[in-house]
Structure formats: C-alpha cells, structure tokens
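A.B. asks: Please model the complete structure; the sequences and the hints are all you need to start from.
Just so you know, the sequences run in chain order H and Y. To convert, note that position 20 of the first sequence is 257 in our numbering; the numbers rise steadily by one, no gaps. To convert, note that position 194 of the second sequence is 431 in our numbering; the numbers rise steadily by one, no gaps.
Calculated from the structure, these hints are not laboratory results. Being a predicted model, the structure only gives us computed values, none of them experimental. One or more hints might be untrue.
Because identical chains cannot be distinguished in the list, a pair is counted as satisfied if it fits within a single copy or across any two copies.
Unchecked claim - Straight-line Cα separation of at most 20 Å, PhoX-like style, residue types lysine-lysine; simulated pairs:
| # | residue 1 | residue 2 |
| --- | --- | --- |
| 1 | Lys243 | Lys284 |
| 2 | Lys284 | Lys373 |
| 3 | Lys517 | Lys467 |
| 4 | Lys376 | Lys548 |
| 5 | Lys448 | Lys473 |
| 6 | Lys341 | Lys298 |
There are 2 protein chains.
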Amino acid sequence: MPLKIKDVALRAGVSVATVSRVLNNSDSVKPDTYTKVMKVINEVQYKPNAIARSLKVKNTKTIGIMIPDISSHFFPEVVRGIEDIANMYEYNIILCNTDLNREKEQKYLEVLTEKQVDGIIFMSNIITRDLALKLKSLKVPIVLISTEYEGFPAIIIDNVAASKEMVSYLLNKGHKRIGMITGKEDDAIAGTSRYEGYKLALREAGVELDKSLIVSGDYRFKSGYEGALKLLALPKRPTAIFASNDEMALGVIKAASVLKLSIPDDLAVAGFDDVDMAQKIVPALTTMAQPMYEMGAVGMRLLTKILHGEKIPCNNVVLKHNLIERESC
Amino acid sequence: MPLKIKDVALRAGVSVATVSRVLNNSDSVKPDTYTKVMKVINEVQYKPNAIARSLKVKNTKTIGIMIPDISSHFFPEVVRGIEDIANMYEYNIILCNTDLNREKEQKYLEVLTEKQVDGIIFMSNIITRDLALKLKSLKVPIVLISTEYEGFPAIIIDNVAASKEMVSYLLNKGHKRIGMITGKEDDAIAGTSRYEGYKLALREAGVELDKSLIVSGDYRFKSGYEGALKLLALPKRPTAIFASNDEMALGVIKAASVLKLSIPDDLAVAGFDDVDMAQKIVPALTTMAQPMYEMGAVGMRLLTKILHGEKIPCNNVVLKHNLIERESC
DNA sequence: CGATAAAATGTAATCGATTACATAATGAGG
DNA sequence: CCTCATTATGTAATCGATTACATTTTATCG
Numbered sequence: 238m239p240l241k242i243k244d245v246a247l248r249a250g251v252s253v254a255t256v257s258r259v260l261n262n263s264d265s266v267k268p269d270t271y272t273k274v275m276k277v278i279n280e281v282q283y284k285p286n287a288i289a290r291s292l293k294v295k296n297t298k299t300i301g302i303m304i305p306d307i308s309s310h311f312f313p314e315v316v317r318g319i320e321d322i323a324n325m326y327e328y329n330i331i332l333c334n335t336d337l338n339r340e341k342e343q344k345y346l347e348v349l350t351e352k353q354v355d356g357i358i359f360m361s362n363i364i365t366r367d368l369a370l371k372l373k374s375l376k377v378p379i380v381l382i383s384t385e386y387e388g389f390p391a392i393i394i395d396n397v398a399a400s401k402e403m404v405s406y407l408l409n410k411g412h413k414r415i416g417m418i419t420g421k422e423d424d425a426i427a428g429t430s431r432y433e434g435y436k437l438a439l440r441e442a443g444v445e446l447d448k449s450l451i452v453s454g455d456y457r458f459k460s461g462y463e464g465a466l467k468l469l470a471l472p473k474r475p476t477a478i479f480a481s482n483d484e485m486a487l488g489v490i491k492a493a494s495v496l497k498l499s500i501p502d503d504l505a506v507a508g509f510d511d512v513d514m515a516q517k518i519v520p521a522l523t524t525m526a527q528p529m530y531e532m533g534a535v536g537m538r539l540l541t542k543i544l545h546g547e548k549i550p551c552n553n554v555v556l557k558h559n560l561i562e563r564e565s566c
Numbered sequence: 238m239p240l241k242i243k244d245v246a247l248r249a250g251v252s253v254a255t256v257s258r259v260l261n262n263s264d265s266v267k268p269d270t271y272t273k274v275m276k277v278i279n280e281v282q283y284k285p286n287a288i289a290r291s292l293k294v295k296n297t298k299t300i301g302i303m304i305p306d307i308s309s310h311f312f313p314e315v316v317r318g319i320e321d322i323a324n325m326y327e328y329n330i331i332l333c334n335t336d337l338n339r340e341k342e343q344k345y346l347e348v349l350t351e352k353q354v355d356g357i358i359f360m361s362n363i364i365t366r367d368l369a370l371k372l373k374s375l376k377v378p379i380v381l382i383s384t385e386y387e388g389f390p391a392i393i394i395d396n397v398a399a400s401k402e403m404v405s406y407l408l409n410k411g412h413k414r415i416g417m418i419t420g421k422e423d424d425a426i427a428g429t430s431r432y433e434g435y436k437l438a439l440r441e442a443g444v445e446l447d448k449s450l451i452v453s454g455d456y457r458f459k460s461g462y463e464g465a466l467k468l469l470a471l472p473k474r475p476t477a478i479f480a481s482n483d484e485m486a487l488g489v490i491k492a493a494s495v496l497k498l499s500i501p502d503d504l505a506v507a508g509f510d511d512v513d514m515a516q517k518i519v520p521a522l523t524t525m526a527q528p529m530y531e532m533g534a535v536g537m538r539l540l541t542k543i544l545h546g547e548k549i550p551c552n553n554v555v556l557k558h559n560l561i562e563r564e565s566c
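C.D. replies: Here you go:
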C-alpha cells in the first residue's frame, strides 16, 4: 500500500535511480531535478523501505543488546548510554533479556544474526569457552560490557582495585572486622574479583582473614538481607559490612533496621555500583561507583568505530571507578 | 560470505523452492528430501536471511517500543513484561528513548516505519491531537500503555480511583492535613487525575481542600524532596504526605530525615507505583501499586492479537491497582 | 561551431528469500 | 500396464531498494 520508489519516480518523471540518488544524496544530481524529486517525496510523504535497502547494502543500522535483565538495577543506565550513542550514529537497538540462561542466549544470538544486526553488545557475568566460540563464529563485531574474554574488546572497571580501595577505606576508618557479602562464585568478574580485592586490602593492612565474616550472596536484595542477619548474629559481629553490589547493601541496611542497629554508628555499610537509589535512600549509601552510563556509551562508541571500519585492538578498556562517601559509613 | 539458500539447494541437490519449503515446513515435501535438506542445513549451519524474507513476506517480526527513559523507574519493568511476551511470539523489540521530546518521538516514529516494524507500543505522558494523527497515519497497529487516546487500545489503571483510595486510606488513619505532591500539570493521565482523586477523597470525607497543602512536582526525586521541605515548613504542617509517584515519595522521606522527623510517627508518607525499591528501603514505603510488568505483558499480548488479525476494540483495558500497606504510614 | 570531456540520467542486474504456476513423479484403480 | 488424480519438485517472478554500466545531456575550449 505505501508508495514505492517507483511511484515517486513516475510522479517526478525521472527514473528510480535518480530518486535513489536524491534519497542518498550521493553522486551528482542536477539541483533542478533534486528539488523536483524532493517535492514529490514530501508531497506523497514517501518513506523508503529500510528492509529493501538493507538487503542490498548489507547493513541494517541496528545492533543487538544482550543483557541479563533490564529490570534489574545497573542495566537500564548502561542501556541508556548505549542507546544515546547509537541514536547519534543512527543505529537502533534490539533489546534481549537473557536471564543468564544459556539457551535463551543461544536463541537470541541466532535471531540477531538472522536479522542481520550490524553488531552486538554483550553483557553477562561469565563467558565460557563455548560461548566465546559461538560469539566468534557470528562474524559480526561484538563488544563486551562488564565482562571480558580474550579476543574481544571489552568495557570494564578494575574490580579488584575498586574493591580493595573500598575495603581499605573501611579499614582506615578503624574497622577491623569487616563482613563481606560476595557475589555468585561462578561469576568471574564481579564475584571472584571483588572478593579478591577484599583479601588484598586485608593483607596489605596486616589484618587476618576471618572466613566466618564472608557470606556468599547472589546480588539480590534477599541474599544481602539474609547474609547480614547471619553476620550480625555472630558472637563477634562485624562493625562494617561490604556488599558486592548496592542491591545487597540495601538488604544489609534493612537487616540492620530490623535488628535496631543504627547506621553508621552501630554498623557501617558499603555497597558497589552506585545505583541511582544509593543516593536517595536514608541513610545515603557509601558505595563504589561504576560509570554505568559511560560504560554503555563507551561500548557503543567503540562498536560504531568498528562498524565504520576502524581497526580496534581487542583489549579491555578499563574505566575509572569512584569511591563515593555518603552517610552509611 | 554466509551461505545462501541457493548454496544449500545446490549441496542438497534440490531447488531453492524446496529448501524454502523445508525451512518454513509448509506445503508438502517428501520425508526423504526433508531429511536430506535438513542434513545440509545443519552441516553448513545455514541461517536464513530474515531481511530478505521480510522483504517478501512483508513483516519483520519486530516491534518498536517508545518510552520516555529506560533508566527511570517504572519503565524497565514494563519493558520486561513486553519483551517476555514478545519473545514468546517470536517478536523482537527495538527500544526507543524519547525523553518526552517531540522531535525525538517524531524521528523515532519515522525510522520505525522505515524499518517496517509490525507494531508499536507507545508510552508517554500526554498524547496531543497532532501526535495521535501522526500515529494513526502510520498504518501500523499501536498499543498505548499508561496513556490513552480516543481510537487507540490502551492499557491503563484507574488513576483517579487509585489515588482517591490512597487518600481515603490516609484519612481513615486519622490524618486531617494531607499534603500532596502532584505530577506535572501538563500530564493528563497521572498528573491531573491523581490530584483529582485526592480532591474526591477529601470531599467524600467532608474535609476542606487546603491549597497550601498542594505543591507541584515533576516526578523526580528532587521535586519530592523540595516539595516536602516546603510543606513541612508550613506553620500548620501536614501529618501525611502523598506523592504522585514513589520517586518523589523517596524525596519526601529524605526530607523528613534531614528534618529529623520520624516516619511514620511524625509524618506518614505514601507513594504511587510500587517501584521495586519501595519494599526495600527503610522504612518500607506504603504505596499504590501499578502492575507494571503486567501492563507491559498485557499490552504486548494485545498487540500480538492485533498482529494475528484479531479485531480488537480500541478501548481502554483498565488493570487493577493495589494499595500496599507498609511501614511508612 | 564542433569535438570532447564531464555531468546527469536511465536501464537492468542484484541483494536473498518466498511463492504462483508449471512440470514431473508417484500411486490408485480398472 | 495405462490413465488420472495426487503429491512433490522445479522455474521464474517478485518484494523495494541500490548501483554498475550505458547512454544522453551539458559544458568547455580550440
């Protein structure tokens, strides 16, 4: 039903080639014909069919974004960063929630390639060898965010250093017994490395590691809440708790509140991420900020560079973390 | 570079038509040939080009989602609901952040139509006549969420009733002076109607409206914070504050905390939305829940029905709101 | 003013699938 | 074993753009 380039050509009394030329204002077309064609285009409100175009030019100006879950904190900001830059370069984004489910991931990767996306931004906790192989086989540029793998460009922060910094900060504030709620063990990037940073800070300060102060969580509120209850039930309870992410830190705060502990006097709480809410809650949460928006933006900018033919080294881009002192410590 | 249907046909010793038939398992194809072709497809890892397919069959199995901003609360949940259902029916979603900016909106609508999306889910605060006309002219099915306009199917809640219910609840708790922080005035749906509900509840209870208790906000934390400071500086301060959304309610809580007012004893606070954070903060926020995920899911389900040719009446689907009592009142 | 180069436009092939229509293979029934 | 209906497969047009190449128009200049 909608008009095709042919119709425009007919009405303007030129060939389809000419119309295509004014559309892409490539090649040379006489000013007269240009305006003549433009007039028709505007009159009939002609909108070129991008699908047909894509078939010929072999690019779709759309990229895929694979994230675990848009409704969990952290991701919306990243996605927003991606979209803003994508928009700037006239790309659109197809959003895929994987729930960290391998089958869903697989399925999405397939439809994304079938739909001929120009590139993919991939976020996940851990990338297995299999997955990496699969990603490589796609022949489409891929940028990783908040995860890494040999052979792929990735946007990350230095989790070990960031975590160490936070724990050192707590140590400097005089805390000797610092509880930690870790992320999932199988999650290389945030899980292991943030715990690594914790241990490094202790070692540097000459404080002995007390395993009873470590409980493992899964990044969710509930696990932070329950982990804190466990830690706070200890005979020698910690004076500070560092949670691997803000969501769990919120759980810690909640736990403290049911135990009628005041923050930061009875218990200092530190988080990780600097999720939007961190500054809005009472008490405002001291946390290690990840530049979420920027991670998305930088990742997308990198991807566009690749798509524009620039040769990009496949190494990690490490963005700066930032310790934000607020009321909870 | 990737293999085409022709290549598969060649290797399998059949025609492209036959390959296409096994791909779409339509028509009749002999079991023998079916397996023969399938074998080749698997061997060479053939992936059909969805763009080429779309050009011919005139659908893209992708829909557009227009939202103000994915990084503001409320939307991620809705989007998640949409995506889950979309995924179920093999649709993908292109995410567009409009920032409620008319030009961006316009631009996105254009590229979405050029990219031949099969449908659009549109969220915005207010729909002007111009915009509605534009939407109609797109010839593509559109479902509205959290907004409405004559002639479009829309998924909403009854904001007036919900708001009235909340205020009545506060009144029943014995509050006589209830402050309200409204949304933007130009925002028909949530802004005006929630204030409307407030007034209705007062009238019903025979409480006189005191305009000094009404301050207008813009749905953002800061405006909630500042609005609360203003209200709490009143000679006769309110004993309860109802904010038009949770984000602002959080601002109210923050304001109360700097003024050293305890919640709910010195001040009751109520929000609207039941954003994920509402239950996680201290004190947990009493709020009017909107079924965000469900709104997305129902909206998308409606859209798929339309896309599958069902005739759907263009009226509002009103989902149930739900008053959630927590600690802040 | 005519030859020639440069600019503008047109013709038709192409991208990679689907599908109407034509044709070939198979099976049933006498 | 032959005819005819049915099933299976193949041929070629088509979707709506882009673009290589061919052709026409315009401009330049001796």
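A.B. asks: Decide, hint by hint, whether the structure agrees.
C.D. replies: Do the hints match the structure? See the list:
1. Proximity of Lys243 and Lys284 under a CA criterion of 20 Å is satisfied intra-copy only: 12 Å inside one chain copy versus 31 Å between copies.
2. Taking identical chains as interchangeable, the C-alpha atoms of Lys284 and Lys373 lie at most 20 Å apart only when they sit on different chains, with a minimum of 16 Å there against 36 Å within one chain.
3. Taking the shortest alpha-carbon separations for Lys517 and Lys467, only the inter-copy value of 18 Å comes in at or below 20 Å, while the best intra-copy value is 26 Å.
4. Only within a single protomer do Lys376 and Lys548 lie at most 20 Å apart by alpha-carbon distance; the minimum there is 15 Å, versus 42 Å between protomers.
5. In the homo-oligomer, the alpha carbons of Lys448 and Lys473 lie at most 20 Å apart inside one protomer (13 Å), although the nearest pairing across protomers, at 54 Å, exceeds that limit.
6. Taking the closest pair of Cα atoms, Lys341 and Lys298 come within 20 Å of each other only across two copies (17 Å); inside a single copy the shortest separation is 24 Å, beyond that limit.
When the structure is compared with the earlier hints, no violation turns up for any of them.
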